[in-house]
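Undergrad: This is what each chain is made of:
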Amino acid sequence: MDVITTRGLTKFYGKARGVESLSMSVPAGSVYGFLGPNGAGKTTTIRCLLGMLKPTAGEAEVLGEHVSLDGAALRRRIGYVAGEVNLYERQTGRWHLDYVAGFRGGRGGLEADLLERFDFDPGRKVKELSKGNKQKLALILGMAHDPELLILDEPTSGLDPLNQEAVYAVIDERVAAGRTVFLSSHVLSEVERVCSRVGIIRSGRLAAEEDVRSLLAKRLRDLTVTFARPVEPALLDDVTGVDSVMVLGETQLTARIKGDAIDAVIKRLASVEISDLRISHASLEDVFLEFYRHTDADDAPRAVAGGGEA
Amino acid sequence: MSWTLLRGTFTQRRTSILWYSVSLIAYSWLMTWFYPQIGGGQYADLIENMPPEMLALFGGTEVDFATLGGYFQTEYLGLMWMLITASALIIFAGKAFSGEIGAGTMEFVLAQPISRVRFAITRVVALLLYIVVLAAVSFVPIALFGPTYDIELGAETFWTLSAFGALFMLAVGGFALLVSSLFRDSGRAGAITAGVMGTFWIADLVSNVSEAAEVIDPINIVTYWQPGKIINGDAVAPEAWWIYGVLGVVSLVASVVVFRRRDVA
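Here the protein sequences line up with chains A and B, keeping their order.
Numbered by our numbering, the letters in the first sequence go through residues 7 to 316 in order.
Numbered by our numbering, the letters in the second sequence go through residues 1082 to 1346 in order.
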């Protein structure tokens, strides 16, 4: 059963495109990563799914119900954490918890557990909270009532690594309990950590949809090597999957490595003496540019499975 | 209606509500206390020395300045009270829809299981309650403190003044709420409502000295606001009740309809 289904979902703000002809489905019990660079249309899609925006065309179904602007009953089954946390600055975290409890007819079953796990003090006013603590409060407010569907728009923004991991652990637990998570993000490592399948949106259109393993195969890494002594500039030239090689002086080299080529690169580097080595993951935006640069010209979104290039 | 939202609305607006209430109580008491100082014959002498054009500008054609009603209309209820209550209502109504959308908190509230109609109706109820509060803090002090300073309003006058004042606020507040439902920025919504009210006020002033400006009078809600005549015991023109009532109710209903269909994020 699909928890989210959209058919030709389109939203224009005047002449500006938010999202266009988006058709996708999210299976129950999964963590679906909704990926795309900033401004791609992720938040617009989410707001359409929640009935906050009226689609220009197309339709959406969530938890088997047609999404309308007045869907209070549907929202009872959904937990939402907005990408940009906007709460009542002069009120405390406790006030917000009471406020949500008032709307939902009681306290969320996970509230006490989440307060403890995120080490959050609800007695402080929102205006006194750091960005990370506001994010924690938003997460607790969105997840406390253990909804059937969690819609998280960049949920770890502003959180330190420890709390990021706490969020991922909660997501894992909720999915194990049969819940579904729709997670918007532009952080590749986050997607790798929690998602099973991803939809990639770019310029308002679904550029590709695939499972995380195939996305990982497309992973880009930026390599910087400092050699102990001068080496041949063509050291990596014949390694498949190595791109943009630049030699800086006689002892430093930078390159971009695609997917599984990292293994071959490391084996080649093992033949020379290295004084420093740095490997960083390229941003998701770079992955898009590398693999989806041609999809703008296509009208139809691509559905790719099994690691083939889109 | 949602009790949670209603409670939340007044909690969030409590400081503003408190300040406006205290200010109106103080102002009403001050004007009541001040009446014996300059009221009656002294006030009439002062007025007689004013140029007729200036008298006309301040509604001299509608109410006799030398009377109790004339005093209250000129010194308080005809202008300052309108400014205070209009600003209170414009701020309150502005926060109700456009303020929440602009601040992003609407997204948080509407992620909860509350329908838009319920949300909007609760905000309408909150506005109506606020109007009752503003009417009470405006007119009860006059009735309460009045006898100490030789001012006797009488029960019928008090209730008429309170009801008509509340209806005037309903027209202003309803219109402000409608404008608020149309925009996503409370500042812009407030500026538009204030601009319309300012235009009405200027048109009313000009119509006192220029016949050409009288064409707007039938729809000018400021023109119908004649508290001095009520205090002097005159009846309120039936069309004034209708204009305020219809404008208020239609605006409130329209604001619910507009909010139900609009984008809120």
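In case anyone wonders, no lab produced these hints; they're calculated from the structure.
Just so you know, not all the hints are guaranteed correct.
Claimed, not checked - To spell it out: a stretch of chain B is covered by chain A in this simulated footprint if at least three of its residues, at any positions, have a beta carbon under 8 Å from a beta carbon of chain A; those stretches are:
1) 1086-1095
2) 1197-1209
3) 1335-1345
Just so it is clear, CB atoms sit at the ideal spot from N, CA and C, and this is done for glycine as well.
Undergrad: Check each numbered hint from earlier against the structure, then list the numbers of those it violates in ascending order.
TA: none
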